[in-house]
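Using the sequences plus the hints, can you model the full thing?
Residue numbers (my numbering), protein chains in the order written: chain P, 30 to 390; chain V, 30 to 390.
A few of these clues could be false.
[Said to hold, decoys possible] Partial selection, computed: residues in chain V whose CB lies under 10 Å from chain P:
#1 288
#2 292
#3 329
#4 347
By construction, these hints were calculated from the structure, which means they are not laboratory data. C-beta: ideal position from N, C-alpha, C; glycine also.
Protein chains: 2
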Amino acid sequence: MSAENLKAEIARRYGTPAVVIDLEIVERNIARAQALCDAAGVAFRPHIKTHKSPALAQMQRSAGAAGITCQKIGEAEVMAEGGLDEILIAYNILGEEKLGRLGKLLARAHITVAADNPVTIEGLPEAARIAGRPLDVVVECDTGRKRAGVETPGEAIELARTIAVAPGLAFAGFMFYPPDKGMAASQAFLNETIAGVRALGLDPRVVSSGGTPNLSQLERLEGVTEHRAGTYIFNDRMMMNHGMATLEDCALHVYATVVSRAGAGRGVLDSGSKTLTVDTGGGLDGFGLIREYPQARIAGFAEEHGLLDLQRSNDRPPVGTVVRIVPNHVCVVVNMVDTLIAVRGDEIVGELSVAARGKIT
Amino acid sequence: MSAENLKAEIARRYGTPAVVIDLEIVERNIARAQALCDAAGVAFRPHIKTHKSPALAQMQRSAGAAGITCQKIGEAEVMAEGGLDEILIAYNILGEEKLGRLGKLLARAHITVAADNPVTIEGLPEAARIAGRPLDVVVECDTGRKRAGVETPGEAIELARTIAVAPGLAFAGFMFYPPDKGMAASQAFLNETIAGVRALGLDPRVVSSGGTPNLSQLERLEGVTEHRAGTYIFNDRMMMNHGMATLEDCALHVYATVVSRAGAGRGVLDSGSKTLTVDTGGGLDGFGLIREYPQARIAGFAEEHGLLDLQRSNDRPPVGTVVRIVPNHVCVVVNMVDTLIAVRGDEIVGELSVAARGKIT
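Set out below in structure tokens:
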């Protein structure tokens, strides 16, 4: 089957928009990231937020990953159900409802959680009590991204001590997400923090770094034991912009149909913000790259309309044309759909459930 | 139960984030919009894209709506399954897969579709053939929004003629979505178009206008027979900004927990772009209004983190606080979850399935 025939077949079988992944590229991306971690001597713990599919997580594990990363308990529950048993939930888990679920999960799989404050740590022993086994906790550190995490080594050391003395909790180490251009500051933070806990007699078994872009500079941080990354499995325009992927490394496309040509220099796709999302990918121009019409700009959205600016495009697709779009940010696009269509090259080979989609708690 | 107790109960039963609607406010919003349409003498055809729930569509119908509007066939299929039988699919339907589904749908419910180009019209007779009954088609007109729709009365009249002579199709009229400040231009477009088709001996039975903001100026357009609106059922910050709603009219809140205080002037919510979405609501400041901390700014997101800027907020929520957020744009938030929690005032009364969520084709 040719690429054109594949498009026609996907439109015929599933209709558009359809979210399609090429397993050949997926496997290549998985192998490449694993090889980078292997070469740097750090364990790899892929983040499943990108694909939310136990089947793909199993592929990552089979290729050598030491475990997986989830963001929410609901994601971890789906992964445990799918047979994954070594899970970092990179999140502050709070509240009776979540601690109960965490306890049940801990009873069946090895779970590590993150904490960046004493209130979180105060609640976690309840989960360990329910599970009847200790819960590993890493301290989340912020070395410059200004998201979650303590901002100073002193706070990190203090929380490590709090974890170590809490009933049912085991201090496991540290987790952070270095800013793209903050390796020196991250290293200084790590050095001071690791030395600080060692002086207290604590062992930071896990020092977990993260980010697909940082896969290219794993060797720049000393003391890191594992790396988390998600987007690399599919890649997207954002990763291309970071220099982490070429078009040939983009495994996921949104297949869409031109449903209107509106004005002469305009067009309308059947994929709007409820499929492609308004994620700018950190300030990219337009909301996706159309493979067949790279000069066409996805200029904006209605909820179910993609608004094409064709003024700079010499080729202009007629109504009915099916196109393939590389989205700005794959993680949020996958999250919009229940099913990924799997192909190998030009052959449809099956469907994958986005089983953890919508698991926001 | 008090509002504080309700928050605690929702967190205890469901965990956060949770998307909660107050049925008392929903019913008031439904009644108010219906009354505006009744007073203006136009039929009301609510757009279900906002709630995607057959149960809420039935409430709209029971309150007097003449039918409903959907954007995708998948939405219409869910609504027909839920007993709704008078449906406008406000979209160009193209391609074998969709025309087959449209035919099946037409066999069981009264369906009208929109078209703005000859390619779409050429395909539609296949759906009528499958159903064994005629398909009503309205011409989509663009009176200034620059989305889908023909841009001139001449094109609209020409398409009306094309529909009228196509086998199995019935020309039903026109559909448009007037720009907020484009009533005079829209009226001129309508007048010329309506006169044009009448001169051909065609009857524009349906002249369908749209938009929640335009509910306040229904009387400004002559010749309109029906109005479509979606957001009014829940309202949001965008509708408040349009002057179409007050805080008391906002029926939907995202309940979220403060999971980290990060830096002194910062905080982190457990609701990120995968719940609240990065929709700016047309340029609003921040990504939602926190009822309890109106000076706190939801400044940005990670996928599962809401990043709070608390610098201008005198009150700063401690870790563990549950807050209620009015989102910028409810339609895209509802689309992220499978279930809405229904309350009346301070009592939990049930759950509603967002049954048409993810029905993107």
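Checked hints:
1. 288: With a closest approach of 4 Å, the residue 288 of chain V hint holds.
2. 292: holds, 6 Å
3. 329: holds, 9 Å
4. 347: holds, 7 Å
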